[in-house]
Amino acid sequence: MANAVLETRNLTKSFGALQVSKSISIDLLPGEIHAVIGPNGAGKTTLIHQICGGLRPDGGTIRFDGQDVTGLSVDARAAAGLARTFQISALAQENTVLENAVLGAAGAKGQGFRMFTPALERADLVDAARSALERVGLLDQQSRLVSELSHGQRRQLEVALALSLSPKAFILDEPMAGLGTEGSKRMTAFLNDLRLEAPILLVEHDMDAVFALADRISVLVYGEIIASGTVDEVRANPKVQEAYLGEAA
Amino acid sequence: MMQERTLNALVLAGLIAIPLFAYVTDEPFTITLATRTVILAMAAVGLNIALGLGGLVSLGHAVFFGLGGYAMGLLAYHAQTYTPLMEVPFLIEGTKSMPVIWLVAVIVSAFAALIIGYLSLRTSGGYFIMITLAFGQMFFFFAISWSAYGGEDGLSIYVRNGFPGLNTLDPIQFYAICLTLLAIVLWFASRLACSPFGLALNAARQSPDRVRAMGLDPFRLRLVAFVVSGAITGLAGALFADLNRFVSPAMFSWQMSGEIMILIILGGTGRLYGPVLGAIVFVTLEHTLGDISDYWLIFLGLLLLAVVLFAKGGLIGALSSRRTAHG
Amino acid sequence: MSLVLIAEQVLNGLQFGVMLFLMAAGLSLIFGVMGLINLAHGSLYMIGAFCAAAVAGATGSFVLALMAALAGAAVAGALVEVLVIRRLYNKDHLDQVLATFALILIFSEGTRWLFGSFPLYLNVPDILSGPVTLPGGIQYPLYRLVLIGAGLAVAGGLFWLISKTRIGIQIRAGENDREMIAALGVDIGRLYTLVFALGAALAGLAGALVGAIQSVQVGMGEPVLILAFVVIVIGGIGSIKGAFLGALLVGLTNTLGGIFLPEALKLMIEPAAATSIGASLASMAIYILMAVVLVLKPTGLFGARA
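Protein chains in written order, with full-length UniProt numbering: chain G, 1 to 249; chain P, 1 to 327; chain Y, 1 to 306.
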């Protein structure tokens, strides 16, 4: 446990009377994919927000890469190497794929405030951007506007931007959403390789993908982790079957 | 339809050719109009960095225009009355040197933009508009009540400030100074728009979450953009005061803020030359319609309404072929 | 400085505050319900004042003048809403600012064209002119006292309208969830026109009431408009209660600042300088108040949303 890359301890969060996180403690170990599943409204998005810094928890701590990041802002956590993708693609739609990727590279290198040299004339940024695009298979689309991309291609670009941070951990929020069967398969294969780069906290509805990828699964129901363990352990857990799989079936 | 680049070149060629023609045919008033155009364009290029790239609808840029104007006014006033501007804690004398005045104008407006930006960028959308408008009004009333420097009547400067090696009282030479500065500002703005900072600022307008996830703070990006934007508008203000040899609280007024913004929308938001073309149209309308009718602002209002409701993209959008604008 | 003077200034501040409230309430409703930032609200204030001055000039009746102000501003508001404003609801703030700025130009120059550049005068009706003696021996103009009363009455009526009536429920629903009220079968187009006309009528009323103690002229609306924005920033967008308290706060700060700041400074520096610096500071006082609120509570004192 001591060498967890990311670790939450007793996170609690309420909106008024509604308790959306009830003392959540989960961790992410090097090299693993840890999936968080749960029915709609279980508090998965709230949990991600707290881990990434968009929401301040009412109580509990978040440690990342050996330091307490509970009080840090979203951008400070990102700069520290916590990379995320969004459930609904968040990209600069009016810009090209390459410009988005170059922005990613500039952010990763702490050069977002350089204003005298055109970004596309900076060989180091462009090279880093192209190699990230190449890894997700988007290099041939680099000159297109993001608004012209298909849904699947935007997902790929999200991952490319996350990659360009050279992150120490990935937080992926439903990367399979809207991809279709074929797309999901390709993304699954891709994520399987991505774990070699950095461990992945994966929030996902697509159970085939979760069961294929996850080393460990945590089940979140009504703001509470009701089970946590390997795929087989979680599948066999009667509480899970009752609360979640039973309901889904 | 033509390429935006061709249109830009035509605009620049016109800004060089027309005053030269006026110089040859001895029509100094035309040169003065062209100077006014170039200075207003510069103020709007400044605003366009915040507005077009950053999506920050500042209705208070007259603050920086006015501060630039008063920087010139105060320094030149103390130089012409041979009184020090300040004695404690250290002595500051007035000056009639344009480069010094420009530097002071840029620093003062950048500092004001830092404070106003820090306060108003805590909010967004409609709030931001109201707050920038209110800060503009604050400076307006302050200038009116500051009787030591003319209050409501403003300050007259009898002789235009000097620039080493040039006769600034010659209209064409002063115009050359202003046009050169505009060219430098445009060059800088074009570099900035496609720099990493420009990309990040533009992305922060479209998706702040994305920028945060890249480790960048949208607030800081916007604040820096606001400061750069204010500094450029402040420089334009100093030139504007030098053109008129007069500053008054009107430079701080909300109408002034509105006018600077109108220039951008007439030309085309987020386009490098939008403010320049907008300024040309504005000054031309002001001059020609103003001769025909005392109520020419009605026509400006109708034109503006038409552009907003029916011709998004402004004149450049209507005249050039490229449909999407990248800063 | 005597207590009488202070009491007088407090009343002046209240009077200014309630008139600001009439402006701010309409602006805040329009922003809250339609999401529209309306710079032309000051023009409606001006239209109200001009209608009142014209009708009072023709008939000599102050009551008719007030009714003309209400009707004129409401009709102008409804017309503008139908012709221009409704095309702006789905546009961004920049378009709204530019279009309503264009409306200011059209209204201001149009009024100048119709009435000329010289100010008109609207007289306080005889029955309301002259001072009254308040408890404590304070002499205070009756008309200003009536303004305070009228402003408070309108504020009360507005609270009642928003909290108790059917239309109020629709307005509040519109502030919270636009799709919801469409689903309830409310004609949104009509509701929006109505809210806009209501806001316009309040502005027009304020313009006419204030027009009787100041001059009626082109450009009178915008300074009040900007102060109303300050009120909204301080009070919080979409909150009538916030607009009310914000308006009183701004009214009192503005009036009392002009009196007390120079006096307070005189205790520290020589009188002539104190008077001039104090006047400058007083002109900035409400904006400094706004800045303080922004630092402490960016959404305003009563605002729930950013």
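It is worth saying that the hints were derived from the structure and are not from the lab.
Values in this document were obtained by computation on a predicted structure and should not be read as measured data.
We put the beta carbon where it would ideally sit given N, CA and C, even for glycine.
Do not rely on the hints blindly, as some may be mistaken.
Per label pair, the in silico range of CB-to-CB distance [to be verified]:
id, chain 1, residue 1, chain 2, residue 2, range
1, P, 294, G, 56, 35 to 43 Å
2, G, 30, P, 99, 30 to 38 Å
3, G, 242, Y, 177, 47 to 55 Å
4, Y, 157, G, 71, 42 to 50 Å
5, G, 56, Y, 266, 46 to 54 Å
6, P, 100, Y, 131, 52 to 60 Å
7, P, 187, G, 10, 50 to 58 Å
8, Y, 288, P, 14, 42 to 50 Å
Comparing the hints with the structure gives:
The hinted range of 35 to 43 Å is not satisfied by residue 294 (chain P) and residue 56 (chain G), whose Cβ atoms lie roughly 59 Å apart. A C-beta distance of roughly 59 Å is found between residue 30 (chain G) and residue 99 (chain P), which places it outside the suggested range of 30 to 38 Å. The hinted window of 47 to 55 Å between residue 242 (chain G) and residue 177 (chain Y) is violated, with their beta carbons roughly 35 Å apart. Residue 157 (chain Y) and residue 71 (chain G) have their C-beta atoms about 48 Å apart, which keeps the hinted 42 to 50 Å range intact.
Distance hint for residue 56 (chain G) and residue 266 (chain Y): a CB-CB separation of about 48 Å, consistent with the stated range 46 to 54 Å. Against the hinted window of 52 to 60 Å, the Cβ-Cβ separation of residue 100 (chain P) and residue 131 (chain Y) comes to about 57 Å, which satisfies the hint. Taken as a hint, the range 50 to 58 Å holds for the pair residue 187 (chain P) and residue 10 (chain G), whose Cβ atoms sit roughly 56 Å apart. Restraint check, residue 288 (chain Y) to residue 14 (chain P): a C-beta distance of roughly 46 Å satisfies the suggested window 42 to 50 Å.
Taken one by one, the earlier hints fail for this structure at numbers 1, 2 and 3, listed in ascending order.
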